Every structure is written in C-alpha cells, then in structure tokens.
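Trainee: In order, the protein sequence lines correspond to chains B and H.
Letter 438 of the first sequence, counting from 1, is numbered 438 in my numbering, and no numbers are missing.
Letter 16 of the second sequence, counting from 1, is numbered 16 in my numbering, and no numbers are missing.
Do not rely on the hints blindly, as some may be mistaken.
[To be verified] Computed footprint of chain H on chain B; a stretch qualifies when at least three of its residues, placed anywhere within it, have a C-beta under 8 Å from a C-beta of chain H:
hint, region
1, 96-106
2, 232-238
3, 300-308
4, 395-404
5, 413-419
6, 426-439
[Stated by the list, open to error] Label-pair distances were calculated between CB atoms; the ranges are:
hint, chain 1, residue 1, chain 2, residue 2, range
7, B, 328, H, 114, 43 to 49 Å
8, B, 243, H, 85, 38 to 44 Å
9, H, 82, B, 434, 50 to 56 Å
[To be verified] Subject to a maximum C-alpha distance of 30 Å in a straight line, what follows is the list of computed DSBU-like cross-link-like pairs (lysine-lysine):
hint, chain 1, residue 1, chain 2, residue 2
10, H, 71, B, 449
11, B, 442, B, 454
12, H, 71, B, 98
13, B, 309, B, 154
14, H, 201, B, 246
15, H, 201, B, 126
16, B, 442, B, 309
17, H, 71, B, 107
18, B, 454, H, 262
19, H, 71, B, 343
20, B, 317, B, 195
21, B, 98, H, 72
FYI, nobody ran anything at the bench for these hints, they're computed from the structure.
Fair warning: this is a prediction, and the values are worked out from it, not measured in the lab.
Every residue gets a Cβ at the ideal spot worked out from N, C-alpha and C, and that includes glycine.
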Amino acid sequence: MTRDSIPRPISRRRALQGAAATTAAWVGGLAAPMLNTVTAYSQSGAFNWQRFKGQTVEVLMETGPRADLMKKYQKEFLDQTGIKLGIEVIPEQQARQKVAIELNSGKPSFDVFNFAFHVQKRQFEKAGWLQDLSPWLKDSQMMPAEYELGDVSKMGMGFATTSDGQINALPILCDYFMVYYNKELFAKKGVAFPKTMDEMMAAAAKLHDPANGIAGFVGRGVRNANVVLWTQLLSGWGQETISRTKPLTLLTDTPDAIAAAEYYKKMLASYGPQGVTGFNWNEAQGLFMQGKAAMWVDATGFAAPVEDKTKSRVVGKVGYGLPPSGPKGHGSVTFGTGMAVPKAAAHKEAGYFTMLWMTGRAMAGRMMQVGGGIPFRTAPLKDPAILSTLTVPKEWADCAAGCAPLSMSGLPVIVPVTEFRDVIGTALTNLLGGADAATEMKRATAEFKPVLDKSEAA
Amino acid sequence: MIVFPWIFTIWMSLHDWHIGSKQTFVGLDNYIALATNRRFLESIGHTIYFTILAVVLPMVLGTVSALVFHKKFRGRGFFRTIFIMPMMATPVAVSLIWTMMFHPQLGVLNYLLSTVGLPPSEWVYSPNTVIPSLILVEIWLWTPFVMIIVLGGLASLPTEPYEAALIDGASQWQMFWNITYPLVLPFLVVALIMRTIDALKVFETIWAICNGGPGTSSEVLNVYLYAQAFAYNQVGTASAVVVVFFAIIVALSLILLWARQKAKWA
Numbered sequence: 001m002t003r004d005s006i007p008r009p010i011s012r013r014r015a016l017q018g019a020a021a022t023t024a025a026w027v028g029g030l031a032a033p034m035l036n037t038v039t040a041y042s043q044s045g046a047f048n049w050q051r052f053k054g055q056t057v058e059v060l061m062e063t064g065p066r067a068d069l070m071k072k073y074q075k076e077f078l079d080q081t082g083i084k085l086g087i088e089v090i091p092e093q094q095a096r097q098k099v100a101i102e103l104n105s106g107k108p109s110f111d112v113f114n115f116a117f118h119v120q121k122r123q124f125e126k127a128g129w130l131q132d133l134s135p136w137l138k139d140s141q142m143m144p145a146e147y148e149l150g151d152v153s154k155m156g157m158g159f160a161t162t163s164d165g166q167i168n169a170l171p172i173l174c175d176y177f178m179v180y181y182n183k184e185l186f187a188k189k190g191v192a193f194p195k196t197m198d199e200m201m202a203a204a205a206k207l208h209d210p211a212n213g214i215a216g217f218v219g220r221g222v223r224n225a226n227v228v229l230w231t232q233l234l235s236g237w238g239q240e241t242i243s244r245t246k247p248l249t250l251l252t253d254t255p256d257a258i259a260a261a262e263y264y265k266k267m268l269a270s271y272g273p274q275g276v277t278g279f280n281w282n283e284a285q286g287l288f289m290q291g292k293a294a295m296w297v298d299a300t301g302f303a304a305p306v307e308d309k310t311k312s313r314v315v316g317k318v319g320y321g322l323p324p325s326g327p328k329g330h331g332s333v334t335f336g337t338g339m340a341v342p343k344a345a346a347h348k349e350a351g352y353f354t355m356l357w358m359t360g361r362a363m364a365g366r367m368m369q370v371g372g373g374i375p376f377r378t379a380p381l382k383d384p385a386i387l388s389t390l391t392v393p394k395e396w397a398d399c400a401a402g403c404a405p406l407s408m409s410g411l412p413v414i415v416p417v418t419e420f421r422d423v424i425g426t427a428l429t430n431l432l433g434g435a436d437a438a439t440e441m442k443r444a445t446a447e448f449k450p451v452l453d454k455s456e457a458a
Numbered sequence: 001m002i003v004f005p006w007i008f009t010i011w012m013s014l015h016d017w018h019i020g021s022k023q024t025f026v027g028l029d030n031y032i033a034l035a036t037n038r039r040f041l042e043s044i045g046h047t048i049y050f051t052i053l054a055v056v057l058p059m060v061l062g063t064v065s066a067l068v069f070h071k072k073f074r075g076r077g078f079f080r081t082i083f084i085m086p087m088m089a090t091p092v093a094v095s096l097i098w099t100m101m102f103h104p105q106l107g108v109l110n111y112l113l114s115t116v117g118l119p120p121s122e123w124v125y126s127p128n129t130v131i132p133s134l135i136l137v138e139i140w141l142w143t144p145f146v147m148i149i150v151l152g153g154l155a156s157l158p159t160e161p162y163e164a165a166l167i168d169g170a171s172q173w174q175m176f177w178n179i180t181y182p183l184v185l186p187f188l189v190v191a192l193i194m195r196t197i198d199a200l201k202v203f204e205t206i207w208a209i210c211n212g213g214p215g216t217s218s219e220v221l222n223v224y225l226y227a228q229a230f231a232y233n234q235v236g237t238a239s240a241v242v243v244v245f246f247a248i249i250v251a252l253s254l255i256l257l258w259a260r261q262k263a264k265w266a
C-alpha cells in the first residue's frame, strides 16, 4: 500500500456517524453502499478516497512514462478509491488537437487529461474550459492531508494558477534543460566539462571529429522543436522571449536574442552532425545513444533510454551536467505538464481524485525512479528511499535538483505558442543553412508580431 | 450530404475563428491575407514542384515497367506481384521506414552510397534535397499504380494492327510510337489525372517524414492547411486555404479531363 493510499484513521464519532447514516439509508430503502459511505464521510468532514466509488473516469494521456505508470498502477487506484479508469493514450500532437477540439465542443469524452502548460495553458484559460479547483483544494473533504500541497514547487503552482488567481490544474512534471555528455569521449580528448558557454563552444570544437563520425554537439535543429534549444542558450544572456508586463512585447530580435541565435548557428552548423536541420530530440537522442555525439543539450526526461542497456551504447558513460552559464546569465529553461478536469466533464469530482492520485507524492516518486521526469515536488528529490532505488544514475537526479534554482521560462505563455515556435523555429533552421542571424530574427519577429497582437486583443 | 460541408467551409472561410474564441465575420479578409502570406505562397510553389516530379517520374517509370511486364518471360507473375507490393503498404508505415533509411548517420541509404564511393547525402534533413528525397518515396509507392493502369490498357489492345505492321515491315519503335502509344494514351491520361490529384493532395508521407521541413522547405499546401487548422487552431484561415486548394484541384482536373477527351480513341 502506498503512502497516498493509507486512509486517515476514523474516529469513533465519525464511525458512529457513518453507521447512523448507513442505517438511515437502509431504513429509507437506499441500500446502495456507495451512497451510504459518501453520506457518512460528507457528514464527518473527513477526506475519503472511496467517496466516488463505483464511478468510471475517462482519462486522456499523452504517450510517455506518465501514461505507462498510470496504466501500470490503475488497479492500485481502483482498490484505493473504487474508481475505475478508462485510459486513452495517444501521441502528444494528436492529443493536443483532440483536447482543443473536444473542449471547444463542450462535450469532452474525457473527465481528466494531461497537458503542457507552456503550450495550452493560456488557450484553456482564455476560453474558460477548465474546472476551478481552488475551492476543492481548500476543502478538507476534497483534499487529503497526505497530498502535501505545500510540497509542490512555486513554479509548478505558478503554472497551474490563472492570471485571476484560480487554480485550474495540478502540476505533475517539470522538465529542466541539462547537458548530457559522453564521459568517454571527453576523457579521450582530455576535455573538462564546460562551466561557461564559451567553454562549451571550445569543448565542442575539440570533440568534433567528423572523420570518425563524432559530432562535438547535438541538439534540436528542426523547426518548432529547435526554439527551446535557442531559449536555453538565450538564458545565458539572462533573457526570455517575451516581456513579463503587459502589453506583451516580443524580445526575439534584441541584440541578446541575436547573439544567442548566432551562438546557436555556430554551435550546430560547425560542430553539429550532418543533417542537423532535420533533427528533433529523437534524432539527437539516437545519435547520442550510439556514442556519436559528445554533448547533447535537452530536457531531463531522457535519462531512462540513455541508460537502457537494450537500446543504448553509452550506458555508464553518460555524464549529466548543468547548462553552462552565459555572458549575462545562467539558466535552465523549464517546461511543465499538468493535469486538469474540464468544466464540462461528466465526472468532475472523481476526475479530480484521479488527478490527486496521479500528481501525488507516491506517483511522483515512481516517476523519478524510472527516470521518467522530475516531479514538481521537492520531497521526492531528497527522499533517500527514492534516490536509492533509481534505475538511472544518481548524478542525473543531482543535476536535476541543481537545475531547479536556475529555472527560467522556456517558452512564452501565450495562446499562439505553436505558431511562435514555427515562425521563430523556421528562422533558426534558416540560420543553419547560412542565413544571417540578425536578418532572420528580425524578419521572424516582424512576422509573428501581428499574430501575437491579434491574439492578445481577442 | 455533399453540398453542406462545402457551404459550411466557405462560410467559415469568411470568419475569423480561433478555436476557443468568438467567431467574427470578416468577409474576404482571410483570402486577402493569404494573397500576401509568404508562407502560403511558398507552399503553393512547393506543391507545384512536388507534383511535377511526383507525377512525371512515376508516369515514366510506370509506363516502362508496364511495357516490360506486358512481355512474356519466366517468373513474370512473381515479379509483377513483388513490384506492386509497395502500393499495398500504408503510407505512414512506409514513411517511418524511409525516415530511418534517410537518417544521415544511422540510415542505410548513406551506407549504400559509401559502398560505391559516393559522399553521404543529407536527404530529407537538408532544405536543398528534401523534396527530391521525398519524391523517391513517391516513386517507390506509386510507380506500381501507374504500371497497373497502363498494363490494363496494354492487355486490352487489339492484335490486328500489330500483325498488319509486321507484314508491312515496321520496326519495334515504329510499332510502339504509331500503334501502342496512341492506343494506350487514354489509359495514360487516366493515370495522369489520378496521379496528379493524389500528388497535389499529398500529406501523410511529408508529415510523417519531415513535417514540412527543414524549416518550411517541403511544406506543401496540405501540410500548411493542417498547421493552420490543427496546430494553430485558425479555423477561418484554414477554411480559406481549403477553398483555394479546392479551386486549384478543380481547375487542374478540368484541364486534364479536357486532355482526356482529346486523347480518346477516334
């Protein structure tokens, strides 16, 4: 039994109230045990995981370790709550489209779903599609003490909170950007792990060995996906992509943004693998796992495949390092995913219970153990019981913990974020073909500005 | 059933509608914006470039293959079956296999190039080679389709003109050019119409292999349309693209149908 699943002790008074309620219900002909339990606990004011027993919650999950874990432990959830889960797992892009279309229809087929804060949060917030959880989070009948809401990081709760102070999601996982590096290749060339971005460029130059099929550096070059690598580099100039105050102003063509774009161009075009313009994280991961790339900058969630003996040739040779500091700043861009209940869901309360379980401490620990991601919680990162059973090196967890204080927003929280990524991403891809950084960043910024203005005005 | 979706699409194309926000009537604004949209105009260029290559090459290769398989030789049935197998495969599955083959470092195509002393290519990973590389997949997938149609045409040809030509001492080339080609032309035009419409509507292979990239270098109209509708949720703009796209396909189809009328047997 997990910690989350342990029911709180029932006092004699509550038990008597429950028994009285049950008897009353039986006498009145309402013999359904579920209703009796609900009545008993609602009168007692205690949290009860079994409160919505007998309901079936439809869950929509994006493909990934979270969905795998949910499927693996759904029986445990059923035993704990009496709530049956119907889990639909589909790839990220399709899930995003499905969610937007179904929420817009007003009759979603799911009661709870997971989503990326940086991609969809603003759109959902503006449309008012999500259930406000704030009253439930304050209600002792709806919020178990063992959930430890205070353990959820500020950034996570910030992501989950709307501009008018409503909490309409629960954070589940965060992804920091870190450096994966091949210790064997570093040792062979006598290169130390870089602490600054200048050192990283110099290290990539030394490690780049195309004659032997080794790229000094690998990262995302493909349109859209590449923007987050650039924003990681931009954090070295201490800058984000958009102003924090309204009216929102794009900061994608400032001298610092152009300097970061030039760095991106030089790093990938000079020391990246052939064809890097078409590389997303999966191509980069494949190359790194084959031992053909010395450094790879990407999100934390890739430790599991990199350390998988059946898939990777670099098991035991991988180092995990903090992103190097830049001339004006030091950051690790961070992305968050959460879970939410649609306002129009058929089983809102049971869906909310499903979220509590999925985002709770026990599942967060399990997520870490398999290297599936870093929870938006601090306790699992320090829990010796979890750290001692990691299936990935402890160095990874230490690195992730080190990224937390460097955390910076990796993408603007705006409705047309996909278009932002496409427009800026196309400019970055063009750089790899030899285009001028200043020209491209200015052109892309001018192209996206009307889209942003229109979206904000709506 | 047929008319309603069209009327609704045209109606939506006259609105500014982002999923999640209110629908506003904007008249022809979406069309006017498309006329000056660099990315949309480029996608038309990519569509034309892709279509020309994806029609001409499978047409030529399919016709040659049909002529080969029309001759009787040992194992013809077996080889013909092997040849048409790509057509039966699911385009997305095929695309995923080709994606792996195209990988510049880990793909088999660059290994094959290296075995004959050629330098590696970036295939779909370079803006310069992405469309020709995608055409390789199209050729592999759709040459059998052209071959089957032309082969059907060849099988239906009368034998008398050939017998008369042989008696008159005509060469193989003269028989092909003066008898086979004109008689099989209506079948070629059918294949051309179907292949052109298919190539114009291409989506799965490009989306699965390179998502319209690198950058937007292989973004054809359908991929652009998909991005507007499902990535950006711009339903009004996407509907306007659908209407323009439909107009292009109808215009081309009418030209090709006119050509077919011309090519009919006298």
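Trainee: Run every hint past the structure and note whether it holds.
Mentor: Results of checking the hints against the structure:
Evaluation of the coverage hint for the region 96-106 of chain B: fulfilled, as 5 residues show C-beta separations to chain H shorter than 8 Å, against a requirement of three. Requiring three or more residues with a Cβ within less than 8 Å of a Cβ of chain H, the coverage given for the region 232-238 of chain B is violated, as only 0 such residues are present. Taking a C-beta to C-beta cut-off of 8 Å, the region 300-308 of chain B contributes 0 residues in contact with chain H, too few for the three needed, and the coverage statement is violated. Check on the region 395-404 of chain B: 0 of its residues sit with their Cβ under 8 Å from a Cβ of chain H, so the three-residue criterion for coverage is violated.
Coverage of the region 413-419 of chain B by chain H holds in this model, with 4 residues showing a Cβ closer than 8 Å to a Cβ of that chain against a need of three. Given as covered by chain H, the region 426-439 of chain B passes the check, having 5 residues with a CB less than 8 Å from a CB of that chain where 3 are the minimum. Look at residue 328 of chain B against residue 114 of chain H: about 44 Å separates their beta carbons, and that is inside 43 to 49 Å. Evaluation of the 38 to 44 Å hint for residue 243 of chain B and residue 85 of chain H yields a failure: the beta carbon distance comes to about 57 Å.
One distance hint, 50 to 56 Å for the beta-carbon pair residue 82 of chain H and residue 434 of chain B, is violated here, with the actual separation near 43 Å. Distance hint between residue 71 of chain H and residue 449 of chain B is unfulfilled; the C-alpha atoms sit about 63 Å from each other, more than 30 Å. In summary, the hint linking residue 442 of chain B to residue 454 of chain B is supported, as the alpha carbons are separated by about 19 Å, within the 30 Å threshold. The straight-line distance between the Cα atoms of residue 71 of chain H and residue 98 of chain B is roughly 52 Å, outside the 30 Å bound, and the hint therefore fails.
For the given pair, residue 309 of chain B sits about 36 Å from residue 154 of chain B by alpha-carbon distance, which is inconsistent with the 30 Å threshold. Between the alpha carbons of residue 201 of chain H and residue 246 of chain B the distance comes to roughly 42 Å, so the proposed pair goes past 30 Å and is violated. Only pairs whose Cα atoms come within 30 Å are accepted, and residue 201 of chain H paired with residue 126 of chain B is rejected, the gap being roughly 35 Å. About 45 Å separates the Cα atoms of residue 442 of chain B and residue 309 of chain B, which puts this hinted pair outside 30 Å; it is violated.
A threshold of 30 Å between alpha carbons decides the hint, and for residue 71 of chain H with residue 107 of chain B the separation of about 60 Å lies outside it, so the pair is violated. Of the pairs offered as hints, the one joining residue 454 of chain B and residue 262 of chain H is violated, with about 51 Å between alpha carbons and a cut-off of 30 Å exceeded. Between residue 71 of chain H and residue 343 of chain B the CA atoms are separated by roughly 68 Å; this puts the pair beyond 30 Å, and the hint is violated. Our distance criterion of 30 Å between C-alpha atoms is met by residue 317 of chain B and residue 195 of chain B, whose separation comes to about 19 Å.
Between residue 98 of chain B and residue 72 of chain H the CA atoms are separated by roughly 53 Å; this puts the pair beyond 30 Å, and the hint is violated.
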